[in-house]
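Given the structure of chain C, go ahead and fit chain V onto it with the hints provided.
Line by line, the protein sequences are chains C and V.
Residue numbering for the first sequence follows my numbering, starting at 1 and increasing by one per position.
Residue numbering for the second sequence follows my numbering, starting at 1 and increasing by one per position.
Just so you know, not all the hints are guaranteed correct.
Said to hold, decoys possible - Residues from chain C that keep clear of chain V, each with C-beta distances beyond 10 Å, as calculated: (1) 37; (2) 39; (3) 103; (4) 120.
As the list claims (entries may be wrong) - As a list, the in silico SDA-like pairs of lysine to any residue whose alpha-carbon atoms are at most 25 Å apart: (5) C:23 - C:77; (6) C:23 - C:134; (7) V:123 - C:119; (8) V:123 - C:181; (9) C:123 - V:179; (10) V:123 - C:124; (11) C:23 - C:3; (12) V:123 - C:134; (13) V:123 - V:139; (14) C:123 - V:121; (15) C:123 - V:135; (16) V:123 - C:117; (17) C:123 - V:151.
As the list claims (entries may be wrong) - Counterexamples of contact, computed for chain V against chain C with all Cβ distances above 10 Å: (18) 23; (19) 34; (20) 51; (21) 81; (22) 151; (23) 159; (24) 178; (25) 198.
By construction, these hints were calculated from the structure, which means they are not laboratory data.
Think of the CB as a built atom: it goes at the ideal place given N, C-alpha and C, for glycine as much as any other residue.
For reference, the chains in residue letters:
2 protein chains.
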Amino acid sequence: MLQLYSYFRSSAAYRVRIALALKGLDYQVVPVHLLRHGGEQFGEDYRRRNPEGLVPALAEGERVLTQSLAIMEYLDETHGPASLLPADAPGRARVRALALHVACDIHPLNNLRVLRWLAHQLKIEQSVRDDWYRHWVELGFRALEAQLQSPATGRCCHGDEPGLADCCLVPQVYNARRYDVDLSAFPTIARIAAHCESLPAFQAAHPDAQPDAE
Amino acid sequence: MLQLYSYFRSSAAYRVRIALALKGLDYQVVPVHLLRHGGEQFGEDYRRRNPEGLVPALAEGERVLTQSLAIMEYLDETHGPASLLPADAPGRARVRALALHVACDIHPLNNLRVLRWLAHQLKIEQSVRDDWYRHWVELGFRALEAQLQSPATGRCCHGDEPGLADCCLVPQVYNARRYDVDLSAFPTIARIAAHCESLPAFQAAHPDAQPDAE
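The following block holds chain C by itself, in its conformation from the complex (with noise of 0.2 Å):
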């Protein structure tokens, strides 16, 4: 049985849960508080496990993965037929790139061991780190919604139906909305969304739903 540590609100751990639950496989949470007891992700038991410190991780008997998107890219690829990627080589390389524009350009500058920093050690007050949050995440849209400007595009990112691209995007959003960012001005993002959010393995996969929700 693959076992996922997960915390609920982890944007990279909800990608995963959205790539498990799409690709219908069984799982079982092993919840890690990110900020209780200091922060569970930081013990000695998961940092065996993941020395980054960071969630997820899947472990797969023995083995234990790190990192979302190689985690998502390996259960494509070893699990049932592929589905999260395309079949062509350029449109591989679109779905990576729009996964990545989340997952490198905005996600790390706005996850919560930066937004620690900034409020400890350089004492950034909350509305400020607020502005810096909705700052990235609106410059890492609006590049986004122009790379969505492209028959490519369908009901979801990459024609209709989901895969890796929107495994990343809807966490994204889910995150954007949590920080009062205006989605109209992202409409093919926010639709693209909306869509995905209908779907029942998006519903399995969202905070809410989660054994360790709150």
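Okay, now just chain V, sitting in the frame of chain C:
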């Protein structure tokens, strides 16, 4: 002929230059100066190719690819025998995770646009910005060093031949040196970087060897 929109010091462009050289592919460098003219990456001409306004982008005929990792995967899938990723799925997952560790968890916090935001919007002084830089590199390198303590590590990140992870690691080490990060705490990273830097492909891709080097 492949065209790489590149800036000599861009870490992400450096990655792709290494991959192109490892695969023995000819390409033309189209310099995009990140500092001149208010940043040529923000010009209308470049933005048409990459709405993100980040380098690199790779043009192959009419096709323009963005995101360094997506570009490298595409090159490996379409140009000659695959050589940047191992043949086995667990190996691929490991190499991708190491590459993403650099590309998602270290580099995005330290690139030009973030350092500028810290300086101009948050009025963070130079010495504190340098601390920020070193903090994320050292945090990331500590975890990466731990992950490299594996029988799968050889002269390179995965075995003895350079691949996707090394394409990401070497530019990050180059950047770390520029910010006086003490690499003696990361002996495996330093050893792998030194080995890779002795190889012709890595030398050809080095910032100092670029037509736009200053």
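Now for the hints, and whether the structure bears them out:
1. In this structure residue 37 of chain C is separated from chain V by more than 10 Å, as the shortest Cβ-Cβ distance comes to about 20 Å.
2. Interface exclusion of residue 39 of chain C from chain V stands, the closest Cβ pair being 14 Å apart, more than 10 Å.
3. Chain V draws residue 103 of chain C into its interface by the beta-carbon criterion, the shortest separation being 5 Å against a cut-off of 10 Å.
4. Taking the minimum C-beta to C-beta distance to chain V, about 12 Å, the non-interface status of residue 120 of chain C holds against the 10 Å cut.
5. Note on residue 23 of chain C and residue 77 of chain C: the hinted pairing holds, with a Cα-Cα distance of about 11 Å set against a maximum of 25 Å.
6. Distance restraint check for residue 23 of chain C and residue 134 of chain C: the Cα-Cα separation of roughly 32 Å exceeds the 25 Å cut-off, and the hinted pair is therefore not satisfied.
7. Our distance criterion of 25 Å between C-alpha atoms is met by residue 123 of chain V and residue 119 of chain C, whose separation comes to about 15 Å.
8. Using a Cα cut-off of 25 Å, the hinted pair residue 123 of chain V and residue 181 of chain C holds, with the two alpha carbons roughly 24 Å apart.
9. Under the criterion of a C-alpha separation no larger than 25 Å, the hint pairing residue 123 of chain C with residue 179 of chain V is consistent with the structure, at around 23 Å.
10. In summary, the hint linking residue 123 of chain V to residue 124 of chain C is supported, as the alpha carbons are separated by about 10 Å, within the 25 Å threshold.
11. With a C-alpha separation of about 15 Å, the suggested pair residue 23 of chain C and residue 3 of chain C falls inside the 25 Å cut-off, and the hint holds.
12. Only pairs whose Cα atoms come within 25 Å are accepted, and residue 123 of chain V paired with residue 134 of chain C is accepted, the gap being roughly 18 Å.
13. Only pairs whose Cα atoms come within 25 Å are accepted, and residue 123 of chain V paired with residue 139 of chain V is accepted, the gap being roughly 24 Å.
14. This hinted pair checks out: residue 123 of chain C and residue 121 of chain V have alpha carbons roughly 14 Å apart, not beyond 25 Å.
15. As the CA atoms of residue 123 of chain C and residue 135 of chain V are separated by approximately 16 Å, the hinted pair is consistent with the 25 Å bound.
16. Taken as a hint, the residue 123 of chain V and residue 117 of chain C pair is honoured in the structure, with Cα atoms around 16 Å apart against an allowance of 25 Å.
17. For the given pair, residue 123 of chain C sits about 42 Å from residue 151 of chain V by alpha-carbon distance, which is inconsistent with the 25 Å threshold.
18. Residue placement check: residue 23 of chain V keeps its beta carbon more than 10 Å from all beta carbons of chain C (closest about 14 Å).
19. With a least beta-carbon separation of about 15 Å from chain C, residue 34 of chain V lies farther than 10 Å from that chain, consistent with its non-interface assignment.
20. Against chain C, the non-interface label of residue 51 of chain V is violated: not every CB pair exceeds 10 Å, the least being about 4 Å.
21. No Cβ of chain C approaches the Cβ of residue 81 of chain V within 10 Å, the least distance being about 14 Å, so the stated non-interface status holds.
22. The Cβ of residue 151 of chain V lies farther than 10 Å from every Cβ of chain C, with a closest approach of about 13 Å, so its non-interface assignment holds.
23. At roughly 17 Å from the closest C-beta of chain C, the C-beta of residue 159 of chain V stays outside 10 Å, upholding its exclusion from the interface.
24. Every Cβ of chain C is farther than 10 Å from the Cβ of residue 178 of chain V; the closest lies at roughly 20 Å, confirming the non-interface assignment.
25. No Cβ of chain C comes within 10 Å of the Cβ of residue 198 of chain V; the nearest lies about 27 Å off, and the non-interface call holds.
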